[in-house]
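Protein chains: 2
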Amino acid sequence: MTTTAITNIAGLVTNDPALGDGSPLGLIENAAVVIDGETVAWVGPAAKAPAADTVFDAAGRAVIPGFVDSHSHLVFAGDRTAEFNARMSGRSYSAGGIRTTVAATRAATDAELEANLLRHLDEARRQGTTTFETKSGYGLTVADEARALRIAAAHTEEVTYLGAHIVSPDYAEDPAGYVDLVTGEMLTACAPYARWVDVFCEKGAFDGDQARAILTAGAAAGLIPRVHANQLSYGPGVQLAVELEAASADHCTHLTDADVDALAQAADTTVATLLPGAEFSTRAQWPDARRLIDAGATVALSTDCNPGSSYTSSMPFCIALAVRDMRMTPDEALWSATAGGARALRRSDVGTVTPGARADLALLDAPSHVHLAYRPGVPLVSAVWQRGVRAV
Amino acid sequence: MTTTAITNIAGLVTNDPALGDGSPLGLIENAAVVIDGETVAWVGPAAKAPAADTVFDAAGRAVIPGFVDSHSHLVFAGDRTAEFNARMSGRSYSAGGIRTTVAATRAATDAELEANLLRHLDEARRQGTTTFETKSGYGLTVADEARALRIAAAHTEEVTYLGAHIVSPDYAEDPAGYVDLVTGEMLTACAPYARWVDVFCEKGAFDGDQARAILTAGAAAGLIPRVHANQLSYGPGVQLAVELEAASADHCTHLTDADVDALAQAADTTVATLLPGAEFSTRAQWPDARRLIDAGATVALSTDCNPGSSYTSSMPFCIALAVRDMRMTPDEALWSATAGGARALRRSDVGTVTPGARADLALLDAPSHVHLAYRPGVPLVSAVWQRGVRAV
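Residue numbers (my numbering), protein chains in the order written: chain A, 34 to 425; chain B, 34 to 425.
A hint or two may mislead.
As the list claims (entries may be wrong) - Reference listing, derived: stretches of chain A covered by chain B, where coverage requires no fewer than 3 residues with Cβ under 8 Å from a Cβ of chain B: (1) 109-122; (2) 153-164; (3) 307-321; (4) 345-355; (5) 402-408.
Claimed, not checked - Computed beta-carbon distance windows for the label pairs: (6) A:Gln298 / B:Gly241: 51 to 59 Å; (7) A:Arg124 / B:Gly241: 34 to 42 Å; (8) A:Pro50 / B:Glu278: 36 to 44 Å.
Simulated from the structure, these hints should not be mistaken for lab results. In this text, a Cβ means the ideal position worked out from N, Cα and C, and glycines have one as well.
So here's chain A without its partners, still in its complex pose (with noise of 0.2 Å):
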């Protein structure tokens, strides 16, 4: 295999605290990388890196781990401008939400949802996206699910079945009767394409009985549970995905005390993830982040990409909302849109640079990972490496 060394990095996040400046960043100064095919097989400062076959010259700029983006839902067709607009300029507006979507989802063809769903990877990629996580959920019936999982399947390794994204409007009159299909005969059909299994525990859409028995089944069928917790209201959400042992909460914006310190209880467990992006385009209220971090919970930020609430694929966005607007510091916010990220989806080999880790990182046209806050909107991310490849 080809080595490749990237040197003359003036600030190399590792998330590595046994590397660097024994922050969870685990920053060093100076820095080289050394790529061994797929994976990063050296780290240090740069004056002591081995020799590799070929170099590439950072120029002093920064290097961050890839982003891991633990929730997206980037397998639907269809538009939603006029509703953004309509929202955004207070008119009132009389489509449908989310089922404008299912209904466009379910008529695309299989092509369509895949060109969508890959120029939507590739639009993330090249904002320094290097692992994501993708769901089913516009679908709804039982082939539009499983094709919806079987076409992320084949682009990622991260797939979510989410029949319980709301209840079916086919089964408008029999809320019941469609949690029977999601833990039968919709989750033996999808089941095999997914490692996870997610609900929107949400009033309107499944309360916390239902979530109960959707994320049991899933879990009965080999599938991790997550959880949509606790978005627009206080609810069951987080307690049900802390009880089930579940790798996320996701949202997590309104909370009780008592849902933080299960939060905080259950850091090894159960990460807190919060999508800045929804509240953002819906002009909703800001999860409390800082609150969540003093407590010790484990907090991921994650983009939520999606066409009616978040349609942002941009995880440095995320981390400029994170620091202004949830109080998180610039290293927080960069940790747990890296790392944070990993742990969510119990990955131990993205999000971090350290040797043995895939080769997944990017290079930042600044000389520091806190230009991600401090140049909101700015695209920095100049290059790429995806398992080793230049990507971008």
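Given the structure of chain A, go ahead and fit chain B onto it with the hints provided.
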């Protein structure tokens, strides 16, 4: 001269109400633009486009006028990452704010300042900015202010003399003496390079009487006034800008009813230029764009790009903030970032896509300009023409 036709434009923003749908944006669907040399020669439905020497297929994407960024501070050296990091992390920081930049700028060579300017201009251009204003204000000596303007004037027509950014540290005990310098020897040295004169009218910088003296002296030397007004607190800046027929009152964060009325009455003369990047990066309150627009004021959007309080060069980011946090509609925000900026610079040749206008255009990787707010943080600008030449 060669002609280029840009065809198959899903949504073309012209900012010419006489074209298209009759709205202020003059939106045309299924449009084409023909460029002849540096100028727009024809605009209309794609089906009626005249023949051209070369054809660019927009493939169903949107085209907008290039952004007109009417307020930036790009002649500087040095870095304030540590200060930003401390501020956002809730840590105290003892270094000197703007004085840090003044010291670094004075110490820089001409070549260093020019390289830094060009790097930021290139970065802005990749994000769709085709016209920009920039200022002095980090030199604060006769020689350093004049060289800042000389360097700026080599790269833009819109150069602003801001010797009155703060009272120079060299005159800490003699602010009146500094005003004498700014209105005397420094003005004489700077006026040949500048079109505009500006002052930071604010507690701790220059009061109303000082600001009036500086702007009046600048006007007598042939410069047109613009004012940093009402950013950090209520004050006389906006009223002074209107009274002196300044081209713009910039920031407008703290406005009385009388200030709003004055800007509405002066809508044809003095533009209210809002700079949400500054409020974002300092966690300050948002300017009330809705109140200004509803009163009848003319509103521009700009980046305020500078290393201390708003280190973004991204007009798309400012649009997303304007919609989310300042309650502008996506249409209003787009207008303010293009035609509004042109009004703030008293330019009729930019900010529109209409026959005779300068051929400054941005192609978005999206079907509609609304996506600039709908898809926050995502780098959507995929091609830029400046004076008819493909620049990105």
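Going through the hints against the structure:
Only residues whose beta carbon comes within less than 8 Å of a beta carbon in chain B count, and the stretch 109-122 of chain A has 6; three or more means the coverage holds. Look at the stretch 153-164 of chain A against chain B: 3 of its residues bring a Cβ nearer than 8 Å to a Cβ of that chain, three or more, so the hint holds. With 4 residues carrying a beta carbon less than 8 Å from a beta carbon of chain B, the stretch 307-321 of chain A meets the three-residue requirement, and the given coverage holds. As drawn, the stretch 345-355 of chain A meets chain B at 7 residues by the rule of a beta-carbon pair under 8 Å; at three or more, the given contact holds.
Check result for the stretch 402-408 of chain A against chain B: holds, 5 residues qualifying (beta carbon to beta carbon below 8 Å, three or more required). Checked against the given bound of 51 to 59 Å, the beta carbons of Gln298 of chain A and Gly241 of chain B, roughly 58 Å apart, stay inside it. Checked against the hint of 34 to 42 Å, the C-beta distance between Arg124 of chain A and Gly241 of chain B comes to roughly 41 Å, which is consistent with it. The supplied range of 36 to 44 Å is broken by Pro50 of chain A and Glu278 of chain B, whose beta-carbon atoms lie about 60 Å from each other.
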